[in-house]
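Quick mapping for you: the protein sequence lines, in order, are chains R and Z.
Going letter by letter, the first sequence gives residues 700 to 979 in the numbering used here.
Going letter by letter, the second sequence gives residues 700 to 979 in the numbering used here.
Fair warning: there could be bad hints in the mix.
What the hints assert, rightly or not - Over 10 Å on every C-beta distance to chain Z, these chain R residues come out as not near it, computed from the model:
1. Gln-710
2. Glu-775
3. Leu-821
4. Gly-925
5. Phe-941
6. Ala-958
7. Ala-963
To be verified - Only pairs whose alpha carbons sit at most 27 Å apart, straight line, appear in this in silico DSSO-like list of lysine-lysine:
8. Z:Lys-966 x R:Lys-815
9. R:Lys-866 x Z:Lys-866
10. R:Lys-834 x Z:Lys-815
11. Z:Lys-834 x R:Lys-815
12. Z:Lys-815 x R:Lys-735
13. R:Lys-866 x Z:Lys-834
14. Z:Lys-701 x Z:Lys-844
15. Z:Lys-866 x R:Lys-834
The hints are simulated quantities; they were obtained by calculation from the structure and are not laboratory data.
The C-beta atom is built at its ideal place from N, Cα and C for all residues, glycine as well.
Number of protein chains: 2
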Amino acid sequence: MKEATFTEKIQNRWSQVGMICVGLDPDFAEIPAVLKAENSSIEEVLFAFNREIIDATADLVCAYKPNIAFYEAHGEAGARALARTVAHIRDAYAEIPIILDAKRADIGNTNLYYVKAVFDELGADAITIHPYLGKEAVQPFLDRKDKGVIVLVKTSNSGGGEFQNLKVADSGEPLYKVVARNIANSWNANGNCSVVVGATYPEELAEVRTIIGDMPILIPGIGAQGGDIQKTVMAGKDSKGFGMIISASRSIIFASSGADFAQASRKATEGLVSEIQAVL
Amino acid sequence: MKEATFTEKIQNRWSQVGMICVGLDPDFAEIPAVLKAENSSIEEVLFAFNREIIDATADLVCAYKPNIAFYEAHGEAGARALARTVAHIRDAYAEIPIILDAKRADIGNTNLYYVKAVFDELGADAITIHPYLGKEAVQPFLDRKDKGVIVLVKTSNSGGGEFQNLKVADSGEPLYKVVARNIANSWNANGNCSVVVGATYPEELAEVRTIIGDMPILIPGIGAQGGDIQKTVMAGKDSKGFGMIISASRSIIFASSGADFAQASRKATEGLVSEIQAVL
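With these hints in hand, go ahead and build the complete structure from the sequences.
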């Protein structure tokens, strides 16, 4: 049987489960001591932590989103822990899409190798990318109809406006709106694009939703970064009441530093799911 | 003895050697058959290829620039080949700075892990980054006074103008000039920033040089991408006749597909060095 595309997977999860995505960002210093006592290597600690979080939350999430920086910081051990994490999700929960938060983008020739690394070697369903080099450069990502290409538009950080908010002369619009419009009107020819807008900017989120129609929006910044669920859902939902991949990381995966960390991550996820349902 | 900073290393190489940088982008399909016959694993082929290119060109170059995509495409084997390549340069040619062409950038908290991965684990002297998230996000890179932070400004690809050339309302200038100015006036407080401008855009290169003063410019796009050496040097040199890291990859490392590939890479590098000297 042909594997479902990223778009098919995420739409199934939205309708069957909800819109919460768990960011698998295993900051080693924050991982509960019990796991470090039980496992002898960094690779085993990272993987055991992720596996327990995944097994405790898999029926509640629309996607998992490992950020590759947290793995690369540990060299080969981190790379193996990431590969095993992706393999575990694919083996045990094949219906859940995996978004590799890697924020890549190079010139076209080079992106072919990122495509190979992320989609074919690792087996992720989607990747986050920077828009700065333009559509022509990232065409190798866009050509993969089976995968998701999630482009940074309005990022969650406090200083993200330095360039993203610059008004463009032609239309008087801020740059991030021009980026959103180009993605919707041109980059998304294969129907495999999504955009990133931080939950920390609900007004801008509503504006982007108006520009892009029912395209998916990946929304980081809930929880530790201070984004508000109610404002986010009201601003970001699509015409069917779906369309969002609402990502929380630290507030879920580090909900407890004790031996109950996995159950605590489940409770934190359930809390966010309830908050979203209360708004919809 | 304290290790020299990226800035010290590159300035020494400019005054003692020249301004050519070799891009270590070992596209596996292009690697000479002789190396594939002699070595039994992808890791060994990639590393043997790089080592021979390095040993043949080390007295001619100001820097080496491995692009990480070509290694990530091979998973763990690629990661080991990259680590061994960096270690070989550091061991045998400690005076030559290593630029990891990784085009990273995430929010601040996450960039701390890229800093650890690239500077501390791998041991690179500099990294290329995207500007889209603003200075506040990339502060963890900027804080490393000992390392180089090389920011994309005007990229070499044909479609790079999609956003980079958009005119900004305040000044009527294209975005890439605003990016260049912010880097020079604000991001470069520690004197460790450089910018990327493609050799395929010599007029824009001259404009950026005017904006940034004597900051270093990494200039890809020579050779296979069609950039012209004479125009590049005239447009890009700083007030002292230095200031450029002129990078060529395919035209040097794949100068021959035969057993003489290393000697051919040396000849190709010597050719570029002569071309530059003829202009200066």
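Pair hint outcome, Z:Lys-815 versus R:Lys-735 [Cα-Cα no greater than 27 Å]: holds, 21 Å
Below or equal to 27 Å on CA atoms is what counts here, so check Z:Lys-834 against R:Lys-815. violated, 31 Å
Beyond 10 Å from every Cβ of chain Z: is that where the Cβ of R:Ala-958 lies? holds, 26 Å
When you check the alpha-carbon spacing of Z:Lys-866 and R:Lys-834, does it fall within 27 Å? holds, 18 Å
For R:Phe-941, is the shortest beta carbon distance to chain Z beyond 10 Å? holds, 26 Å
Can you confirm whether the C-alpha distance between R:Lys-834 and Z:Lys-815 stays at or below 27 Å? This hinted pair is violated, its Cα atoms lying about 31 Å apart.
Holds or violated: R:Lys-866 to Z:Lys-866, with C-alpha atoms at most 27 Å apart: Holds: R:Lys-866 and Z:Lys-866 sit about 9 Å apart, inside 27 Å.
Quickly compare the C-alpha distance for Z:Lys-966 and R:Lys-815 to 27 Å and report which way the hint goes. violated, 32 Å
Status of R:Gln-710, Cβ more than 10 Å from any chain Z Cβ: holds, 27 Å
Check on R:Ala-963 being off the interface with chain Z, judged by Cβ distance over 10 Å: holds, 21 Å
Starting from Z:Lys-701, check that the Cα of Z:Lys-844 is at most 27 Å away, please. Holds, at roughly 13 Å.
Examine each Cβ of chain Z, and state whether all of them lie more than 10 Å from the Cβ of R:Leu-821. violated, 8 Å
Violated hints, listed in ascending order, are 2, 3, 8, 10 and 11; each of the other numbered hints is respected by the structure.
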